[in-house]
Amino acid sequence: MKRRTFLIFSAASAAGALVDVTHKKGLPGKEMIRFIPETKLVPGVAVHRPGICTQCPAGCGLDVRVMEGHAEVVRNGQAGLLRMGLAKKLEGNPEHPVNLGKLCARGQAGLQVTYNPDRIGHPLKRVGPRGSGEYIEISWEAAIGELTDRLRPLASQVDSSGLVFLTQPLRGQRQVLIERFLSVFAGSAHVPFEFFDDAVLREANGLSFGHYQLPTYDLANSRYVVSLGADFLGTWNSPVAQSLAYGTMRQGRSGVRGRFVQVETRMTQTGANADEWLSANPGSEGNLALGLAHVLINEHLRSAESAASAGDLIEGWKDGLPQYSSEAVAWKTGVPPATIRRLARDLSAHQPAVVIVGGSPLAQTNGLFTALAVNALNALLGSANQPGGLQFSPYAAGFAAPAEPRKGVLSPNELAQQILTGRPSPVQALLVYGANPAFATPPGWQVKESLEKVPFIASFSNFVDETTEMADLLLPDHSYLESWLDHVPESGTNEVVIGVAPPAMEPLHNTRATPDVLIETAHRLGGRAAQALPWKNYEEMLRSTVLPLRHFPGSVAAGSDDDFWKKVQQQGGWWGTTTGQTSKSASRPASFSPVKEQQPEFDGSAKDFPFHFLPFASQQFYDGRNANLPWLQEMPDVLTTAMWGSWVEINLQTAQELQIEQGDLVEVASAHGVLQAPAVPSPGIAPDVIAMPVGQGHAQYGRYATGRGANPISILGPQRETNTGALAWASTRVRIRRVGKNGELCLFSTGPITWGEKQLKR
Amino acid sequence: MAHRWGMVIDLDRCTGCEACVVACHAENNIATVGEKQAAMGRAIHWIRVERHWEGEFPNVRVRFQPIPCQQCDDAPCEPVCPTYASYQNAQGLNAQIYNRCIGTRYCANACPYTGRYFNWFNPSWDKPLQLQLNPDVSIRESGVMEKCTFCFQRILAAEANAQAEKRQLRDGEFSPACVQSCPSEAMVFGDLDDPQSEVSRLSRSDRGVKLLGEVGTFPKVTYLTRES
Ligand code: SF4
Ligand code: SF4
Ligand code: SF4
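One line per chain: the protein sequences are V and D, in this order. Residue numbers for the first sequence follow numbering that gives the first Met the number 0, beginning at 0 and rising by one. Residue numbers for the second sequence follow numbering that gives the first Met the number 0, beginning at 0 and rising by one.
Hint data in this document are derived by calculation from the structure and do not stem from the laboratory. Every residue gets a Cβ at the ideal spot worked out from N, C-alpha and C, and that includes glycine. Any given hint might turn out to be false.
Residues from chain V that keep clear of chain D, each with C-beta distances beyond 10 Å, as calculated [to be verified]:
| no. | residue |
| --- | --- |
| 1 | Glu94 |
| 2 | Ala154 |
| 3 | Asp217 |
| 4 | Pro454 |
| 5 | Ala556 |
| 6 | Ser559 |
Straight-line distance between alpha carbons at most 27 Å, and here's what the computed DSS-like set of lysine-lysine pairs gives [claimed, not checked]:
| no. | chain 1 | residue 1 | chain 2 | residue 2 |
| --- | --- | --- | --- | --- |
| 7 | V | Lys606 | V | Lys565 |
| 8 | V | Lys39 | V | Lys565 |
| 9 | V | Lys39 | V | Lys331 |
| 10 | V | Lys447 | V | Lys124 |
| 11 | D | Lys126 | V | Lys39 |
| 12 | V | Lys124 | V | Lys452 |
| 13 | V | Lys595 | V | Lys317 |
| 14 | D | Lys126 | V | Lys740 |
| 15 | D | Lys35 | V | Lys124 |
Using the sequences and the hints, build the whole thing.
This is how it looks when you write it as structure tokens:
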């Protein structure tokens, strides 16, 4: 987008008013219209308010430090200066069972979402062509009016309304709200999407253990942990909860120190902490798991039956997995036979033990096979639903369970095809909330092209990103510190947890909470829509859902409903035990036969594309959503010290053979695209793997992210995990060549990255 | 009440997540300098995480080591300052008086831990990012050195609180920002003069080492080595 045009249009009323008033008074900057203070705060004295971190799906509880300050705000179309409570620091909520007062780096950086200079400050209507960034500012009255007008004809359709709601996966009442909103539109669809989706593991857990959800690992009680590719201390599942437990596993028990082995093709932040680091061929991790099981069964350390139904899912399990001898498995995985036998014996001897799988091993075409193999191994070890092993967090009955498997859930790929072909029915309108598939899907999925074809797109995003820039109507949400929040963590706790938090501060801009906008739109549509969303606002909806918890033993004791609701808000949620609590059960279909071993398939031939390409979750930006936060841009990647850009990781020896040096510009090409970035040769990556962090390379995401680095997703092949249809994002092959000298690598450490122990200077 | 503030960092717990790095930025109004300046070595991180690689593929190991100012008892940064901007306060902290500093950078030169950072220009924040600034911490201007303060503002606040309530400070009742956020609880902060405090107890651990202890700086940060 051309920023200049954007500014000209959007600044017309707000900034114009500021300048005039200031000039009249002849005082620079401060003497604008003063609004009456909204909160009574003592200058210099902090108050603490609960919140919920929305920087990743884990849902850690926040403790927001709020202090009095002066902010330029817009109220009723009028800009002015307001003395208000401002969030000054985010800490973890010490009471919240998931994170117990701790936050990760991305959680720490959250203030910069609210105070980001590139936030969309008011509703906008597109006037130029799509993607041109030409908007005019409109009022909320007009914006909601336009949305209602667009949706009204769709609501009256009898068979297919053509309405699609594209969101990030939602884990709370926003999910319920959106489903109820859509229930009024015949044949409408909710498409939840995020790049690092764990659908494969959920599916496998449903089949093996009857829980369609991510596991909670009781690492604090484990004595031996083997992780296959999972960056569980950095970006995967519930990293803060897992880091807390990891600290205890290492040094929190007297006389016991848990041992930790990581298997992966490129060393993650998590892998860097392992006592032993191993590399296995991409897509062979399931084989490795069954190789370990083979040793356990054949050396009579465990009996095959002890794995119960999780074992039955694997072909040959009952017969002791004859085809998985250590030698055969070594040949496929590249892990030496003696190592396989030793790992298996150690797992058996040091109980409780647990095997974790996540990330790239499951992002192969045979991901489900791998996950089922690891589940069977855990069952064999007796680690399922045991202390020191893996467990499943309970949910309260009646609460939106995260990630419930729904029939006919579309992926953005299918959505794009539906839009492009108009089959089974044309898509008339698309609503976008917190998802950015135009950035985070492979080019072969044609998401970007398909968006051009949708007659009407409305976005509720805080920022103009690659998807939102295609929207006709922008209805910006409050930031998460300005919103009513709720979140049901999928994992990281063994209690029922419902995170709930009122806004920690007043909104800075003329934004509006998306749930409230939907409620109002439904009321304007009237009839069935108004009945489906009967609440006055989202706060009322939350209150009515939370009140029934009062009668269960939990973290809040209260004499009345009002008292209960007040205390839940003060605490940042409710946690305890409920009767009728469920974890999402998905019983195995009766017809499910044991799965056969499945070989991974890669996109691109080994001859033309000799390297496996591994995009990985960035320590700073996760899937790219945090790339617009300067604190995280300037936070050095812990293994390379890279800041403010992308890099290409390549094995040290391989780089020498190709005469690639640190900082050289290299070109990485797949059958689907080409990108360039500086090289970082590293000892922690397999010779046949090229890796890149996901998160940079935004074409459109504010001043700190736009045009910075390269996006590895843009060269991925479109192939998917064969059983679940999830994107197999680790299965593309590439080639690499040196382009030239100056790749403009920005490192915090000026030395070579492989220092000896004694060299501590920066 | 005199205190001697110290810190223990358990390298067997530290995962290299860098929550401490961002927490310190957020708490202490540390400016980001942008790509161009960062590439010239001008980024400021009062605490950073170093890594030590060992071995060759596939037998590779890494050890992480977070490094804030070591708050040395015999601090090499202090005697070299011609204006006494760098000095040791009554609680044993190596403090920096910003408005006394004239930017010779002798102290940065002298620090064996490279824990001191220079402001090459006045910091600026794109509006409204300035609203994130912590009112308890002053902003440093061009030409001034800065460094980890052990979150001195938090120490003062906790002391004032205790005084108002007419009581002694309790061990663990407050923490610096990095310690508070650390997800694996690798960092512990407290009074080294109190033999009962957690930080004293851990400093006496068999695993305790001082970073470059042999140069005789007597740091008040103790590292607990990894057990493997
Ligand atoms: S893990 Fe980090 S980003 Fe995710 S919710 Fe927790 S603090 Fe936020
Ligand atoms: S926050 Fe803690 S675990 Fe993370 S890098 Fe810092 S010291 Fe290590
Ligand atoms: S003690 Fe405070 S100033 Fe020092 S590194 Fe930690 S957060 Fe930064």
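For each hint, the structure was consulted:
no., hint, result
1, Glu94, "15 Å, holds"
2, Ala154, "39 Å, holds"
3, Asp217, "16 Å, holds"
4, Pro454, "36 Å, holds"
5, Ala556, "26 Å, holds"
6, Ser559, "32 Å, holds"
7, V:Lys606 to V:Lys565, "65 Å, violated"
8, V:Lys39 to V:Lys565, "19 Å, holds"
9, V:Lys39 to V:Lys331, "67 Å, violated"
10, V:Lys447 to V:Lys124, "20 Å, holds"
11, D:Lys126 to V:Lys39, "25 Å, holds"
12, V:Lys124 to V:Lys452, "18 Å, holds"
13, V:Lys595 to V:Lys317, "13 Å, holds"
14, D:Lys126 to V:Lys740, "37 Å, violated"
15, D:Lys35 to V:Lys124, "36 Å, violated"
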